[in-house]
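Asker: Listed below, chain by chain, are the residues.
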Amino acid sequence: MDATQVRIDDIVKGHDVVLFMKGTPLFPQCGFSSRAVAIMEHLDVPFHPVDVLQDMEIRQGIKAYSDWPTIPQLYVKGEFIGGSDIMMEMFEAGELQALMADSGVKAG
Amino acid sequence: MGAVKDEIERRLRENFTPTHLAVTDDSAKHAGHAGHDPRGESHFTVEIVSVRFVGLSRVQCQRAVNRALADLLEERVHALALKASAPA
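Chain order of the listed sequences is W and X.
Numbering follows this note's numbering, in which position 102 of the first sequence is assigned residue number 102; successive positions increment by one, without gaps.
So the number in this note's numbering is just where the residue sits in the second sequence, counting from 1, plus 1000.
Bound-form chain W, shown alone (with noise of 0.2 Å):
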């Protein structure tokens, strides 16, 4: 691993639940962060943001790292569990609900 990819594993590996976005959650840049951010807040279980636009090294090395293209990226307990479609199709389902208590991600 180089050392954008070392440093994406610790932030990954570093918080329960992680979300990879373009902007912050009070102002996502785009319509997939936003959706992203959305359901997060109707889970309500804390989630540390990162906001790619701030650092280009992370924006290009979070693609390899899940060999995953987009972004909004969620992780939870250091696995990658999807997109913006996946988390809304889970959440529709109410996967991403018992995803989280599984893991024993407390709501906020």
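By construction, these hints were calculated from the structure, which means they are not laboratory data.
The structure presented is a predicted model; accordingly, all values stated were derived computationally and were not measured.
We put the CB at the ideal spot given by N, CA and C, even for glycine.
Misleading hints may appear alongside valid ones.
Output of the computed footprint for chain X on chain W, the stretches with three or more beta carbons under 8 Å from beta carbons of chain X [stated by the list, open to error]:
1. 44–55
2. 60–73
3. 77–83
A few chain W positions that, by computed beta-carbon distances, are all more than 12 Å from chain X [unchecked claim]:
4. G14
5. H15
6. L26
7. G31
8. A38
Result set (BS3-like, lysine-lysine): computed pairs, CA atoms no more than 27 Å apart in a straight line [said to hold, decoys possible]:
9. X:K1083 to W:K63
10. W:K63 to X:K1005
11. X:K1029 to X:K1083
Based on these hints, arrange chain X on the given structure of chain W.
Answerer: Just chain X now, kept in the frame of chain W:
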């Protein structure tokens, strides 16, 4: 008009022989946003149902589609909303 949309449809049919495929060009809704391309055809929604997705996780389904469209996503298409599933 529609060259990118046609190419997306062509590749998805070729790779997945879908039982359902709907590719919608949403670009007009994003005029003026970040990532909007004056050439148009920058934002798409894809719904695809294929037996190729049987037994695959959501992440695996979407990776397969992303791979089939990789260079388009890299160079031309800014945003792709994707719903990929196996037949119910």
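Asker: Are the hints correct? Go through all of them and say.
Answerer: For each hint, the structure was consulted:
1. 44–55: violated (count 0)
2. 60–73: holds (count 4)
3. 77–83: holds (count 4)
4. G14: Its Cβ never comes within 12 Å of chain X, the nearest being 22 Å, so this holds.
5. H15: Non-interface label stands for H15 (chain W): nearest chain X Cβ at 20 Å, farther than 12 Å.
6. L26: Non-interface label stands for L26 (chain W): nearest chain X Cβ at 17 Å, farther than 12 Å.
7. G31: violated, 7 Å
8. A38: Fine: 15 Å to the nearest Cβ keeps A38 (chain W) off the interface.
9. X:K1083 to W:K63: holds, 20 Å
10. W:K63 to X:K1005: holds, 24 Å
11. X:K1029 to X:K1083: Given pair K1029 (chain X), K1083 (chain X) holds - Cα atoms ~19 Å apart, limit 27 Å.
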